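We have chain A; now place chains B and C onto it with these hints.
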Amino acid sequence: MDVFETDIVIVGAGGAGLRAAIAAAEADPALSVTLLSKVYPMRSHTVAAEGGAAGVATAEDSLDNHFNDTVSGGDWLCDQDAVEFFVEQAPKELIRTEHWGCPWSRTIDGKVAVRPFGGMKVERTWYAADKTGFHLLHTLFQTSMKYPSIKRMDEVYTTDLLIEDGRIAGVLAHEIRSGKPMVILARSVIICTGGAGRVFPFTTNGAIKTGDGMAMAFRAGVPLKDMEFVQYHPTGLPGTGILISEAARGEGGILVNKDGYRYLQDYGMGPPDPWPRKKAMELGPRDRLSQAFWQEQQKGRCIDSKWGDVMHLDLRHLGEAKIAERLPFIRDLAKSYVGVDVVNAPIPVRPVIHYTMGGIHTDINAATPVPGLYAAGECACVSINGANRLGSNSLTELLVFGAVAGRNAAAHARGVPIPSRTNALAQADGHRKRVVALLERSKATESVVGLRTALNDTMESGCGIYRTEETLRATVETLATLRQRFANVAIDDKSGIYNTDLTGAIELGNMIEIGECMALSALQRTESRGSHQRLDHPARDDAAFLKHSMAHRVEGEPPRVDYRDVVITRSRPAERVYGGEAK
Amino acid sequence: MTDHKTFTLEVLRYNPESDDVPHVQSFTVPYEEDWVVLDALNWVKDNVDGSLTYRWSCHMAVCGSCGIMVNNEPVLSCKAFLRDYLAGGNTKITVGALKNFPIEKDLVIVMDSFMEKLEAVKPWIIRTSERPVEDGTFTQLPKQLMRFKRHTMCINCLLCYAACPQVGLNPGFIGPAALALAHRYNLDSRDQGKELRKDVTASHDGVWECTFVSACSEVCPKDVEPAGAIQEQKIESSIDWALDHLMPGRKSR
Amino acid sequence: MSRKPYVPTLPNTWWLEKPLYIRYMLRELTSFFVGAYVAILIVGLWHLSQGPEAWGGFMSALSHPLAVVFHVIALAFSVYHTVTWFALTPRTTPIMRGDQFVPAAPIIGAQYVIWAVASIVVLVAVLW
Chain A
224 MDVFETDIVI
234 VGAGGAGLRA
244 AIAAAEADPA
254 LSVTLLSKVY
264 PMRSHTVAAE
274 GGAAGVATAE
284 DSLDNHFNDT
294 VSGGDWLCDQ
304 DAVEFFVEQA
314 PKELIRTEHW
324 GCPWSRTIDG
334 KVAVRPFGGM
344 KVERTWYAAD
354 KTGFHLLHTL
364 FQTSMKYPSI
374 KRMDEVYTTD
384 LLIEDGRIAG
394 VLAHEIRSGK
404 PMVILARSVI
414 ICTGGAGRVF
424 PFTTNGAIKT
434 GDGMAMAFRA
444 GVPLKDMEFV
454 QYHPTGLPGT
464 GILISEAARG
474 EGGILVNKDG
484 YRYLQDYGMG
494 PPDPWPRKKA
504 MELGPRDRLS
514 QAFWQEQQKG
524 RCIDSKWGDV
534 MHLDLRHLGE
544 AKIAERLPFI
554 RDLAKSYVGV
564 DVVNAPIPVR
574 PVIHYTMGGI
584 HTDINAATPV
594 PGLYAAGECA
604 CVSINGANRL
614 GSNSLTELLV
624 FGAVAGRNAA
634 AHARGVPIPS
644 RTNALAQADG
654 HRKRVVALLE
664 RSKATESVVG
674 LRTALNDTME
684 SGCGIYRTEE
694 TLRATVETLA
704 TLRQRFANVA
714 IDDKSGIYNT
724 DLTGAIELGN
734 MIEIGECMAL
744 SALQRTESRG
754 SHQRLDHPAR
764 DDAAFLKHSM
774 AHRVEGEPPR
784 VDYRDVVITR
794 SRPAERVYGG
804 EAK
Chain B
20 MTDHKTFTLE
30 VLRYNPESDD
40 VPHVQSFTVP
50 YEEDWVVLDA
60 LNWVKDNVDG
70 SLTYRWSCHM
80 AVCGSCGIMV
90 NNEPVLSCKA
100 FLRDYLAGGN
110 TKITVGALKN
120 FPIEKDLVIV
130 MDSFMEKLEA
140 VKPWIIRTSE
150 RPVEDGTFTQ
160 LPKQLMRFKR
170 HTMCINCLLC
180 YAACPQVGLN
190 PGFIGPAALA
200 LAHRYNLDSR
210 DQGKELRKDV
220 TASHDGVWEC
230 TFVSACSEVC
240 PKDVEPAGAI
250 QEQKIESSID
260 WALDHLMPGR
270 KSR
Chain C
1485 MSRKPYVPTL
1495 PNTWWLEKPL
1505 YIRYMLRELT
1515 SFFVGAYVAI
1525 LIVGLWHLSQ
1535 GPEAWGGFMS
1545 ALSHPLAVVF
1555 HVIALAFSVY
1565 HTVTWFALTP
1575 RTTPIMRGDQ
1585 FVPAAPIIGA
1595 QYVIWAVASI
1605 VVLVAVLW
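Heads up: the protein sequence lines correspond to chains A, B and C, in order.
One rule links them: number in the numbering used here = place in the first sequence (from 1) + 223.
One rule links them: number in the numbering used here = place in the second sequence (from 1) + 19.
One rule links them: number in the numbering used here = place in the third sequence (from 1) + 1484.
Pulled out of the complex, with its shape left as it was, chain A reads as follows:
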């Protein structure tokens, strides 16, 4: 097996990974930074984010406002020291991206423009038309090319972490196009592999969002935090799940049911006018909006379409000029994929899985409990998003904690030796057997497609917008069975060259483990908070559950879930209030 040595390995080259690489390169140009990604960086799913990135930008706004919006939006499950740090760093990080060339949309006097966004009291969402993630990703990718100490290894799939004496030692990966395995020894490792939306059948997420980094860290003994909190974005296209940005509502779009009625006013977010109005109606938080859809569905008030139940997102009153300037991508998507010109007709939408609030347990320094192992971005859970993420906080999170991880990984790397080769190779050989088994197993009793469909179905039925003990238990049992059945999965493609059947199978194994963490954590949390809603426990229970769930791996068994206190500094849990007058 090939062995490489480097100072810092970064797994994942999306917004967080690229920002971490740049931060490490700037912190110490003498350190070698090796950036591994299973896809070329411009394919990372950061590219699909649309609406914007939040950071206090105007005199009317304040860090306190951003802090309070975020903490209440997260239903008080956010670690408040981390949120304080996050809101303070946010404007600085966004300014850096502007210096690096990000084509932010502007006001008429040339300042960066900001738009209203869900759950935010004051406009602070910087935007680049409605392709903010695309522009940020390309800006970061192109900027990263100017640092000679960053070496990219594109289309290299990382499968396992290597640990020595309880510290990080490196990673095991293989080059997708040749199939060749490689061990990369490193002093620090940063995981930036994104979320796990593909665990669910209906998602905005691209094919690559399979939670590989979460699973790797989990297998290496790092707990996964708050996994039961998965966000349904209220407006995805039915059928494909393609994202229709919150920006459409920020610019004034409305949601109506089959009676043409703006139904959100029945769920504590009214009155409907004046509109648009911050933190009210269609600019409420995502969990509340998705839950309203489900409630309307139970009452039979959804619109029946060829794709099933939908609601209508109406942008007609915005006018063609505004749509062309602020929402051109949305217009193109709706036209292509559901045949609707948003200027003339409402868009059919429904909630679709969008974001994983939970993830690899990290602290405010982006550090996991394993010395030298860091994580940032959607794969990590600091937690700044708590039980429900506000739109446009995630892109900023990539920048803030990507930078933190890069700087801290660099500092750590300066103080430790390169790990031992023999130790790492021995471990790698053990892990590699798993991969080789997939290639060699010829008598297929299980198919990747069959198990993946079963996984998706059980997650949607048991672990969706509303959950009960019964549905969760059923899902937990199904997932345990799937985990066992996975041991017999075989693939068609036995080739060593560019084998996507193989990577698909490895990804499936990762997703089953992550699904188990999600379902079990949800089963054990007998309260409702943010995006985790229990029909059998509808109230929030701060006395018992103002805590993060921590899922720990148990070999051959479902995970064990225990709890960790949330850091509360200055915002005591209160009622989440939206709607009413503009506040």
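The set of hints was computed from the structure by calculation and includes no laboratory data.
Since this is a predicted model, take the numbers as computed values, not measurements.
Treat the hints with care, as some may be off.
[Claimed, not checked] Partial list, computed: chain C residues near chain B (C-beta under 8 Å):
| id | residue |
| --- | --- |
| 1 | R1487 |
| 2 | P1489 |
| 3 | W1498 |
| 4 | W1499 |
| 5 | L1500 |
| 6 | I1506 |
| 7 | L1510 |
| 8 | E1537 |
| 9 | W1539 |
| 10 | T1576 |
| 11 | P1578 |
| 12 | G1582 |
| 13 | D1583 |
| 14 | Q1584 |
All C-beta atoms, glycine included, are put in the ideal place defined by N, C-alpha and C.
Using the frame of chain A, we list chains B and C on its own:
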């Protein structure tokens, strides 16, 4: 609209471990009105042959992964609707890897050369001195942003490279997307690096290899207008050359 | 098991594959006819400088059927050259007015107007 229940998908397969040259394999695939070619490929991979290999991710025409040839035209497979190809009695769609690139396997091309070309044009903001974060953002008026904005839209899907015969005839040609990106930075009011990009962009393998076939702009799914970007650079390069000869030792604009 | 990328070669008939390529090759071919016509003009000027007999000889050569056929074809290609050139101009020289680009139509249209005016001026000068 068509009332096919199935159609024929002809795929140019290539397995480097068993083939010397690519060969066509036919599949009978269900027809669904909402489907794109990518959905058909996924169906084949899931239900017939797991070894069918292709790139994809976002399924919304923004990641640039899924560029392939469909009926001999370079398109994004996630935005190539079956209903458009199977109208009027057609029952067959032909797919293959993007032209003008080596084929790794099936529909996957080797794109190393493109990544090198992208890097060669120095696609980042170059300034004589960095602006401190404390000084806040640069002022950039809407019309200054508009000047270069369309050239920022490139998703690096490589359809333009597949369409450009000059790329096919001269693999060293820097190519439409990379040259458009260089122009994007040259036009950005915050950039000061135009001179530093010239030895690549104004070279023989740079803009001067282009003969304005304009197939690139025709196939671009994001209206990046790479052909226009290249011609603008040719004009500027020519003026520079003339002025350099008329006034030797002048400082470039 | 090692990689073996397949490197395709572009055949010489690549330009026959798409109407866009064929139109491109025709456009490129116009340069031959434009160049040839310029050469004929220069030859004509030279004959003119040699006196009325030389000029007469040149003019009668031009009325040979083959010469006429050539000129008709050359005119067609020159017009095609001009039309395609006009159409491409907005893309090579984008003009901004305020925050937006001037659309293609006025730029293309303006060139036709200038062409018409120039033609009229030349025609008047010749006929006078």
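Status of each hint after checking the structure:
1. R1487: holds (6 Å)
2. P1489: This interface hint holds because 4 Å falls under the 8 Å limit.
3. W1498: holds (6 Å)
4. W1499: Where the cut-off is 8 Å and the nearest Cβ of chain B is about 7 Å from W1499 of chain C, the hint holds.
5. L1500: This interface hint is violated because 11 Å lies over the 8 Å limit.
6. I1506: violated (11 Å)
7. L1510: The hint is violated - L1510 of chain C has no Cβ within 8 Å of chain B, the shortest such distance being about 12 Å.
8. E1537: violated (42 Å)
9. W1539: Given a least distance of 37 Å, the restraint on W1539 of chain C is violated.
10. T1576: holds (4 Å)
11. P1578: holds (7 Å)
12. G1582: holds (7 Å)
13. D1583: At 4 Å from the nearest chain B Cβ, D1583 of chain C passes the 8 Å test, so the hint holds.
14. Q1584: With Cβ-Cβ at 7 Å, under 8 Å, it holds.
Violated hints for the displayed structure, listed by number in ascending order: 5, 6, 7, 8 and 9.
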